[in-house]
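Q: Spelled out, the chains give:
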Amino acid sequence: MTLIAFIGILMAGGLLAWIIARWNETLSRWIALTVVLIDLMWSVAILVSRRPDFSGTDWLIRFDYPWIGRFGIGISVAADGLSLVLLILTFFLGAVSVVVSWREIRDRVGFFHFNLLWVLAGIAGVFVVIDLFLFYFFWEVMLIPMYFLIGTWGHENRRYAAVKFFIFTQASGLMMLLSILGLYFIHGINTGTYTFDYFELLTATVGTTAGRWLMLGFLAAFIVKLPVVPFHSWLPDAHSQAPTAGSVILAGLLLKTGAYGILRFVLPLFPDASRELASIAMTLGVAGILYGALLAYGQTDFKRLVAYTSVSHMGFVMLGIFSFNELAFQGVVMQLVAHGLSTGALFVIAGALYERIHTRDLSLMGGFWTGTPFIGFITLVFVMASLGLPGLANFIAEFLILNGAWQASHALTVAGAMGLILAMAYSLRIMRKIFFGPASDMASRMSDLTLREKVVLVPMTLLVIFLGLFPQHVFNASEKTVKDILGVVMRSQADAIQNANENP
Amino acid sequence: MSRADIIFLLPHLMLTLGAVLVMMAIAVRRNHFAVYVLTCLTLIVALYFLPKTASLPHNVGVLFVVDGLGVFNTMIIMLAALAVALMSYAYFDTREERTGEYYMLFILATFGACIMVISGHFVSFFLGLEILSVSLYGMIAYLRKRERSDEAGIKYLILAAFSSAFLLFGMALIYAATGDMTFEGLSGYFSAFDELPILVMTGVGLVVVGAGFKLSVVPFHMWTPDVYEGAPAPVAAFISTISKGATMVLLVRFFLAIDGFRFPVVLTIFTVISIASMVVGNILALRQQNVKRILAYSSIAHFGYLLVAFIAADELGVEAVNFYLVAYFATMLGAFGVVTVLSHPERDAELLDDYRGLLWSRPALATVFVVTLLSLAGIPLTAGFVAKFYLLASGISTNQWLLVILLVVNSIVGLFYYIRIVAVMFDSAEEREARPAGYVGNFATLLILVVLLVWFGVSPQGLIDVIRNLVGVG
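Those protein sequence lines, which keep their order, are chains A and B. With the numbering used here, letter number 102 in the first sequence gets 661, and the count goes up by one each step, no holes. With the numbering used here, letter number 182 in the second sequence gets 187, and the count goes up by one each step, no holes.
Quick caveat, the hints were computed from the structure, so don't treat them as lab data. Be aware that one or more of the hints could be misleading.
Said to hold, decoys possible - Covered, in the sense of this in silico footprint (three residues per stretch, anywhere, with C-beta under 8 angstroms from a C-beta of chain B), are these stretches of chain A: (1) 638–644; (2) 703–715; (3) 723–734.
Fair warning: this is a prediction, and the values are worked out from it, not measured in the lab. A virtual CB, placed ideally from N, CA and C, is assigned to each residue, including glycine.
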């Protein structure tokens, strides 16, 4: 029930914020903020109170209720350590999004917060549902409000970006729906129980060919969201055109749903097919790392630059997931959190700059450090995080992923590690272009961070440092999930080897 | 005719009575409001007299089969007709033409559709279809002073007459070969064959041509955009829902009776029609600037989708067809309802420009339109999604992967034009002339439709239970 409450509060809060805004826009903002903060504190409380249980066999919280009996669809939600970590990230970045929009969004305030909270509800839903139909449902629920966020409050080319985002994700989502249905009927015909329940479907026996196709359907949705090169082309447009809150949610959360989906659904449901695809997937991951980093270096639009760094960082996720070992998996989970924080913060900074100088063009910026050292310092921290400086969360993540990937493929790991060098190049370029060099005309318009912006950015900074120094907290939470998923893959591998031995 | 027969046909008899009463009322005194109220009352009384579930099925002679499928769809048609009637009042009240006869034709057309869904015989099939068609000629061309309305009427007249001829010829051929015109008798005849004799096959083919025209599936779709564009908005709503739905139900009944999909040639024909409708409907909709034409092409595509479940033709398939029809009815009525409300006395609101900035100038109305468009696109939280899910489920359960994948691909193409309309409504509003005053009936209808769309999208189990109870084959 707790998990349903998380989502329900967001949805109800969204409606309330929309209605209230007719009379009082500030109140509407406060409602949105309160709602997200309640969820945030609640989820943190659960994480803290349940900490000893993470090694147990059961899921932390579960709730089942039949919904559409005709098809065996239930409102089934459950959270384990991984879900909980991602939920907290969701609510944290949700609160950040509300606060950064305080000044930026001035028209249609109510509708904005409605969309914002419903996107969050959709994302929170995706992280906790264990009914595949419901999963698709939430997958779509987060889509429409995001479309509105980009299309209504975005920058100059918002319409194009919104439609592109919508079509890409919707099209790939439908592929997933087909696969879900395929799995549903294959399992139903085999066993006589027609259900979308995740645990039930985990036991489904799917033929090799069917398994491959079904997995590709799931994977289509997830690698578009992640995104994996060459399915990334919606991302730079969507990220750079969205309002600040939209960019934060897109980069910080929406991309994570793709990684979560692969971990939670693709690997456990189709371990055989996943192993077959591993080398291709890892190669695509490395391609993403390098390609994203190279393109990031070439951008002149600040937000677009950060968007391409996301492509690069998500390449690490892909590389780690398909390495199939615990080190890499833990690195992936860490990367999800770290990237959410660091890229989210960079978008907040981009928004803050845009509010002051009304441009995202790096070539118009320069020499801001002297006048506004605080914003410069914060940027420096996140830029360093983004390039993987030891002591910050991203370093732990990328180090573990590379470490794990090394066991799977030497060549790909070496190539992936090159990405870190490129990351150095683009990250330092950000600093140089914006804060150093000759002072541009814009420097006079700059003012340092306001209290509201500090309230957002300082905790993010502290968190990135904290997780960089004490990453074990995240690992503890996700350890069991990671081991379970890995166990399924390893079992399938063992079976395959045994089969090969028996029938040479 | 026994007493029981009359009781089972009471809803239909009420409609005929209503039509006569409306005609007499006009003769006494022309009063738009009175005629309108009389029409609504007729429909409500007819709905009240729908047979109770427990007593089904009942055969009235050889002509009619009053079973769950028939009663359910009679109900849906009458409810849809009620919605159209509510919209029509506001629409015709602001226009100068004489209004009374419209309602008479309207009731008769509804009557024709209701006959179709319970017919179990070629004669009742044809009579129902003709009553529907002939009434529609008049309704489409009702706004005589508008050039396009006339053109649409003539176009529909000629093509519908043609298709009726095809239909009749097909029926005649089947009769010549089998000596029977009841679906029940044909069922026995067809089950004796592994392959269709050429004469019967031709007959079935010609029946498909005739029905395909009414369903406006490709390649019998040419008239659709022109007629939708030219017809008054409520009439377009009527054609796209009631007329098509009734024909679909009739086809379901006919092909279930003869177990038509046992024959590869029939399967091939419908597969080709389905694919062609999806693809052509969606592709042609992409470049349209006229909302009514977009809806026309969209409805062509939607019947292509629907045929996927129709081809499945098992329990799940029939359920899917019924669910889809309900969702599609509610959606299309909602969409045309918005068009109706926004229309000027001189011109229907049909250009995309008429919708620019609607979300900011008339948020409530725009929200309705957004919901219907999302439902047409099959986005979750709307009935359209569950309906599409149903289709996919029935397609996959019978292993029609080609159709299912094409359905998905086409849904994506469809997204482009639905989203384009949504995007236009999001544009910043510009100054516009005042809109005609609203009518309570309109808004109530739209509100109910939107609530239904969301309700069936969020909690479809209730509707599914009703459908399973009434039309469940097993």
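Q: Next step is simple, just say for each hint if it's right about the structure.
A: To see whether the hints hold, each was checked on the structure:
1. 638–644: Violated: only 0 residues of the segment 638–644 of chain A have a Cβ under 8 angstroms from chain B.
2. 703–715: holds (count 5)
3. 723–734: holds (count 6)
Hint 1 from the earlier list is the only one contradicted by this structure; the remaining hints agree with it.
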